[in-house]
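The primary structure of each chain is shown beneath.
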Amino acid sequence: MNTRTQRILYIDTRRCMGCRACETVCKLENDLPAGPRYTMVTEVETGEGFTEKLNFLPVPCQHCGDAPCVRACPTGAIYKRADGIVLTDGSRCIGCHECLLACPFGVPQFGANGRMTKCTMCVHRIDEGALPACAANCPAEAILCDTVENVSRILRERYGASASYGPFAAELQEAGR
Amino acid sequence: MKRILFDPKQCSLCGVCETACSLAKGGSVDADRSRIRIETAGEEKPLRAAVCRHCEEPACVTACMRGIIAKDEETGLVSRKWEDCFRCAACTVYCPVGAIVEDPSLHAFVSCDLCGGDPLCVQVCPNGALRFEDDGAASAWKRSLYAEQMFTGTLRTGAEVAPLPEVPELQWEKTAGILSAKTGTSVTATDLKNRCEARKKAAREEGL
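Chains as they are written, first to last, in my numbering: chain Y, 14 to 190; chain S, 3 to 210.
These aren't lab readings, by the way, just hints derived from the structure by calculation.
All values reported here derive from a predicted model rather than from experimental measurement.
Treat the hints with caution; some may be incorrect.
[Stated by the list, open to error] Simulated DEER-style distance windows between Cβ atoms:
{"id": "1", "chain 1": "Y", "residue 1": "V136", "chain 2": "S", "residue 2": "G78", "range": "27 to 37 Å"}
{"id": "2", "chain 1": "Y", "residue 1": "V136", "chain 2": "S", "residue 2": "A139", "range": "24 to 34 Å"}
{"id": "3", "chain 1": "Y", "residue 1": "G31", "chain 2": "S", "residue 2": "D32", "range": "12 to 22 Å"}
{"id": "4", "chain 1": "S", "residue 1": "G78", "chain 2": "Y", "residue 2": "A143", "range": "36 to 46 Å"}
{"id": "5", "chain 1": "Y", "residue 1": "Y23", "chain 2": "S", "residue 2": "N196", "range": "44 to 54 Å"}
{"id": "6", "chain 1": "Y", "residue 1": "T88", "chain 2": "S", "residue 2": "E104", "range": "51 to 61 Å"}
Ideal Cβ positions, reconstructed from N, Cα and C, are used throughout, including at glycine.
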């Protein structure tokens with residue numbers, strides 16, 4: 014994986030508030046019927062009593078560096094583009110579901126025709142220089158889409174801009190900063 | 003359609019699914035004849051289940067020289083008229099998941115028929131590693147599992163080798179009960195446990 018070229022969808026779980034705007038715009042952008050969901054917001058309860066909390070995590074395709082689905086596909090229908098986006102050639106898919114079993118995130122979806130479809134990181138928008146629909150429409154700016162290096166830079170900028178953000182937030186608040 | 007799905011993280015390599023399948027379909031215990039086989043990667047590491055996926059565009063249908071394999075348009079089930087099979091093995095060669103096995107007692111190559119909609123292997127799996135679900139439910143379950151592991155800090159990387167989960171003692175009795183009732187043969191919990199040990203030993207030797 015080349016961190017300079019690999020594009021990723023980074024999700025900031027501290028910012029996500031579970032509004033499901035990403036799910037909605039994804040369905041609209043990709044013209045999806047009932048059934049397939051390229052991204053899905055999952056809810057997880059953690060803690061007990063006063064610390065009890067509902068967490069949200071949208072799970073789109075992670076476009077893995079060494080994608081298990083690409084290795085699992087017996088017909089070579091899944092491939093990785095030079096910029097790291099994992100795409101599917103629907104005409105080569107035989108619908109054997111090996112990718113769904115191999116994927117640790119449950120990303121591969123199957124439409125009415127039984128062929129695999131999945132999050133393309135809105136490749137048509139990226140080729141035009143725009144952001145994917147989910148990243149462009151997230152009201153909390155919880156979804157970032159860029160190369161690994163650029164995402165890292167954005168996160169460091171955010172961390173620097175706000176002391177109430179990051180792993181030492183509690184300590185900093187206590188110290189009155 | 004619903005398919006048999008396998009979660010390697012919950013599998014304890016007990017081999018009960020293989021025992022159940024060969025008992026129900028062939029009448030005797032023979033893991034080689036089972037239509038579901040758990041494949042391992044190295045020492046005691048369950049990897050995947052070789053079982054018919056009922057593909058949308060099955061390679062076996064194209065490969066079959068007698069045209070006895072067909073995919074039902076309505077139910078999605080890939081079935082075969084095994085009586086007419088002349089054992090050319092073309093389906094086995096072409097199957098991408100290795101799900102087709104030879105049944106010597108039937109003189110034919112056979113694959114999973116989902117037990118008519120309620121697979122026995124899924125019912126008897128003592129750890130719940132096998133699931134019978136449609137695509138949407140499977141995907142939602144996997145996504146939730148990943149999110150839960152992430153937030154609770156229990157996410158494991160692929161490089162870490164976790165010990166095989168143990169089968170609870172009470173579960174053996176329950177599994178043996180279901181198996182006896184469904185196949186009409188008397189299977190005891192001790193039998194199953196012994197076979198489980200033998201299966202693990204075989205996996206260990208395979209890995210060496």
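The hints, checked one at a time:
no.	hint	verdict
1	V136/Y x G78/S: 27 to 37 Å	30 Å, holds
2	V136/Y x A139/S: 24 to 34 Å	28 Å, holds
3	G31/Y x D32/S: 12 to 22 Å	51 Å, violated
4	G78/S x A143/Y: 36 to 46 Å	38 Å, holds
5	Y23/Y x N196/S: 44 to 54 Å	51 Å, holds
6	T88/Y x E104/S: 51 to 61 Å	25 Å, violated
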